Amino acid sequence: MSQKTAEKKAVSRKDMSKAQWTWKEMKRNKVAYLMVLPYMLVFTAFTVLPVVLSIVISFTDFNMLELPNIVWLDNYIRLFLDDDIFLIAAKNTFIFAAIVGPASYIMSLMVAWFINELSPKIRAIVTLIFYAPSISGSVYLVWGTLFSADSYGWANAWLMKLGIITKEIAFFEDADWVMPLCIVVAIWTSLGTSFLSFIAGLQGIDKAQFEAGAVDGIRNRWQELWYITLPNMKPQLMFGAVMSITNSFGFGAVVTALCGFPSVDYAAHTIVHHLDDYGNQRFEIGYSSTIAVVLFAVMIGCNALVKKVLSKVGS
Amino acid sequence: MAKLRTRKHKVVLARSRGGDAGITVILVILGIFMFLPMYYVIIQSLKPLDELWMFPPRFYVSNPTFKNFKDLFTLMSGGLVPFSRYIFNTVFTSVAGTVGNLFFSSMAAYAMAKIAFPGGKTMFKLVRTSLMFHKTVTAVTCFLLMSTLKIIDTYWAIIIPAWGTTLGLYLMKQFMETNVTDAVLESSRLDGASELKTFWVIAMPMVKPGWLTLIVYSFQDLWNQGASMYIHSEQLKSLNYAIQQITAGGIKRAGASAASIVVMMMVPILVFVITQSNIIETMGSSGMKD
Numbered sequence: 001m002s003q004k005t006a007e008k009k010a011v012s013r014k015d016m017s018k019a020q021w022t023w024k025e026m027k028r029n030k031v032a033y034l035m036v037l038p039y040m041l042v043f044t045a046f047t048v049l050p051v052v053l054s055i056v057i058s059f060t061d062f063n064m065l066e067l068p069n070i071v072w073l074d075n076y077i078r079l080f081l082d083d084d085i086f087l088i089a090a091k092n093t094f095i096f097a098a099i100v101g102p103a104s105y106i107m108s109l110m111v112a113w114f115i116n117e118l119s120p121k122i123r124a125i126v127t128l129i130f131y132a133p134s135i136s137g138s139v140y141l142v143w144g145t146l147f148s149a150d151s152y153g154w155a156n157a158w159l160m161k162l163g164i165i166t167k168e169i170a171f172f173e174d175a176d177w178v179m180p181l182c183i184v185v186a187i188w189t190s191l192g193t194s195f196l197s198f199i200a201g202l203q204g205i206d207k208a209q210f211e212a213g214a215v216d217g218i219r220n221r222w223q224e225l226w227y228i229t230l231p232n233m234k235p236q237l238m239f240g241a242v243m244s245i246t247n248s249f250g251f252g253a254v255v256t257a258l259c260g261f262p263s264v265d266y267a268a269h270t271i272v273h274h275l276d277d278y279g280n281q282r283f284e285i286g287y288s289s290t291i292a293v294v295l296f297a298v299m300i301g302c303n304a305l306v307k308k309v310l311s312k313v314g315s
Numbered sequence: 001m002a003k004l005r006t007r008k009h010k011v012v013l014a015r016s017r018g019g020d021a022g023i024t025v026i027l028v029i030l031g032i033f034m035f036l037p038m039y040y041v042i043i044q045s046l047k048p049l050d051e052l053w054m055f056p057p058r059f060y061v062s063n064p065t066f067k068n069f070k071d072l073f074t075l076m077s078g079g080l081v082p083f084s085r086y087i088f089n090t091v092f093t094s095v096a097g098t099v100g101n102l103f104f105s106s107m108a109a110y111a112m113a114k115i116a117f118p119g120g121k122t123m124f125k126l127v128r129t130s131l132m133f134h135k136t137v138t139a140v141t142c143f144l145l146m147s148t149l150k151i152i153d154t155y156w157a158i159i160i161p162a163w164g165t166t167l168g169l170y171l172m173k174q175f176m177e178t179n180v181t182d183a184v185l186e187s188s189r190l191d192g193a194s195e196l197k198t199f200w201v202i203a204m205p206m207v208k209p210g211w212l213t214l215i216v217y218s219f220q221d222l223w224n225q226g227a228s229m230y231i232h233s234e235q236l237k238s239l240n241y242a243i244q245q246i247t248a249g250g251i252k253r254a255g256a257s258a259a260s261i262v263v264m265m266m267v268p269i270l271v272f273v274i275t276q277s278n279i280i281e282t283m284g285s286s287g288m289k290d
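Each protein sequence line maps, in turn, to chains A and B. FYI, the numbering used here numbers position 37 of the first sequence as 37, with every residue one higher than the one before it. FYI, the numbering used here numbers position 30 of the second sequence as 30, with every residue one higher than the one before it.
I should point out that these hints are in silico values taken from the structure, not numbers from a laboratory. Note that the coordinates shown come from a computational prediction; the quantities given were computed from them, not determined experimentally. All C-beta atoms, glycine included, are put in the ideal place defined by N, C-alpha and C. Incorrect hints may appear among the rest.
27 Å max Cα-Cα, derived DSS-like pairs, lysine-lysine [stated by the list, open to error]:
| hint | chain 1 | residue 1 | chain 2 | residue 2 |
| --- | --- | --- | --- | --- |
| 1 | A | K234 | A | K91 |
| 2 | B | K125 | A | K24 |
| 3 | B | K197 | A | K24 |
One side of the interface only, derived from the structure: several residues of chain A facing chain B at Cβ under 10 Å [said to hold, decoys possible]:
| hint | residue |
| --- | --- |
| 4 | A32 |
| 5 | F80 |
| 6 | L87 |
| 7 | P133 |
| 8 | S136 |
| 9 | Y140 |
| 10 | M179 |
| 11 | I183 |
| 12 | I187 |
| 13 | M243 |
| 14 | G314 |
| 15 | S315 |
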């Protein structure tokens, strides 16, 4: 707030109102607006507008066939009080995000940190091994082969050969197995952008700081990590957290590909699936928008929470 | 970075043997977890029929063969739509989407990073905030907008949204901020060059890692695009979709399906191998400062 008033004062000192000054600046920088225009048009149309539209539609009963009526909070009330499947989806999403998000984040950070002192060539190879699953399209389908329902699947074959089980387990059709397996696959494909960001962040830290730390009495690498390394890469930690949260909530296509839709007994049904169910299959757009809005709120909440946690790093 | 590495450390950093060993063990275990499935799919794609159906399945292949890849191409040519069409669809949308994204995003990133104009900061904040939203959440409303624009079931439905990706702009803007010095731009402006020319001739060559990263990200996204709710016509569908149909053909096609996964994953992996150092360099400025 105080910054804003200071800005205002500086402008008024030029004997101009804020509006006048802004208008002058805008005219002076015409070309800047021209340069952002194409991007902002596309960005607004396909990123901003859909969010705004979701919020508006969530208060209506729009279904693509009839003119929408405003129903105010009816959709929200139905979602939280009458929709049992939504509660299952919410629970699954929560478990999913609470495990996959932190696990992927910590694994990215730890691996990036472990490989930081290796030689550049070895580091490049290790980076590729960890990063490859996240960029290789539908390679996660291999988990369907490894854990296939027949005895040609690797897991079943070995469990049977070792005499642990006598009959094949249909892993991706078994309500007890789908969730843990999907979590493993999700973690497997999740070392993406944040991982690369951490590697770069670690590389960017001035080595002299570590030497100074060693002189100042840093006794082991864990102290070094906490007092020097992490505080130095806070911006990357924040960026990585945002990417991890987004991905752990948006993870639906992989579950659908491995377990089918809907998954057995809704055991791996997430909010994204629920949204897809109402939006794309039943065309209850009003209701599906309500689900989307709830998901936005949860994502923003998570980000705010993580920001708070990260501000404590190094203290 | 090379500078730092060649410097001899005078101070011994606090590193215990036990810690080194522990880290190596964890790294190897995690590495095996990450690598084995990738390795297994490659091995599967090289197995002849009798080895594919061996109990228990093996993690190596005795008589490697390319028959699965041949089968894959036979299956491909048997479809209703010629396979070259799927390849064209994916290559065309990937290239058109990526080229547009490169121009639009870097132009906007330049303006936001290097020109102080009213609203620029707000725009960037909006982009940064939208990094939090996964695009599947807005798919339904996007569909409504696209049908209003009448681009459903055309290439445009895939290409146009790719022109304004959040991550692309975000990375580019951050990279330009740290790697393009204002003094160079100022001297170009004083020479009378227009802002657009300064951007194209002065700034762009300075951020080669940035636009390589943008190209790789955009290309990966479009290349891996599977079935899309915006496309109904069979002849407009993507290569990844067509290949997933082969995989869905059941256990009889286990070999061909493994081969298809290998073919599809080779492209993004090769692209990454070639551009890795540039991408890591770009990521160096990816951080969020507040």
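Verification of the hints:
1. Distance restraint check for K234 (chain A) and K91 (chain A): the Cα-Cα separation of roughly 31 Å exceeds the 27 Å cut-off, and the hinted pair is therefore not satisfied.
2. Restraint check: the Cα-Cα separation between K125 (chain B) and K24 (chain A) comes to about 23 Å, which is no more than 27 Å; the hinted pair holds.
3. As the CA atoms of K197 (chain B) and K24 (chain A) are separated by approximately 23 Å, the hinted pair is consistent with the 27 Å bound.
4. Here the hint on A32 (chain A) is kept, as its CB sits about 4 Å from the closest CB of chain B, short of 10 Å.
5. Taken as an interface hint, F80 (chain A) does not check out: its beta carbon lies about 18 Å from the nearest beta carbon of chain B, beyond 10 Å.
6. Interface restraint check: L87 (chain A) against chain B, minimum CB-CB distance 19 Å, threshold 10 Å, status violated.
7. Given the 10 Å rule on beta carbons, the hint for P133 (chain A) holds: about 6 Å separates it from the nearest Cβ of chain B.
8. Interface restraint check: S136 (chain A) against chain B, minimum CB-CB distance 4 Å, threshold 10 Å, status holds.
9. For Y140 (chain A), the suggested interface contact is upheld, since its CB lies about 8 Å from the closest CB of chain B, less than 10 Å.
10. For M179 (chain A), the interface hint is violated, since its Cβ never comes within 10 Å of a Cβ in chain B; the closest pair sits about 19 Å apart.
11. At about 13 Å, the closest approach between the beta carbon of I183 (chain A) and any beta carbon in chain B exceeds 10 Å, and the interface hint on this residue is violated.
12. Interface restraint check: I187 (chain A) against chain B, minimum CB-CB distance 9 Å, threshold 10 Å, status holds.
13. Interface hint status for M243 (chain A): upheld, as the beta-carbon distance to the closest one in chain B is roughly 7 Å, under 10 Å.
14. With 10 Å as the threshold, the beta carbon of G314 (chain A) stays out of range of chain B, its nearest partner Cβ sitting at about 15 Å, so the hint is violated.
15. Proximity of S315 (chain A) to chain B is violated relative to the hint, the smallest CB-CB distance being about 17 Å (cut-off 10 Å).
In summary, the structure is inconsistent with hints 1, 5, 6, 10, 11, 14 and 15 from the numbered list given earlier, while agreeing with the others.
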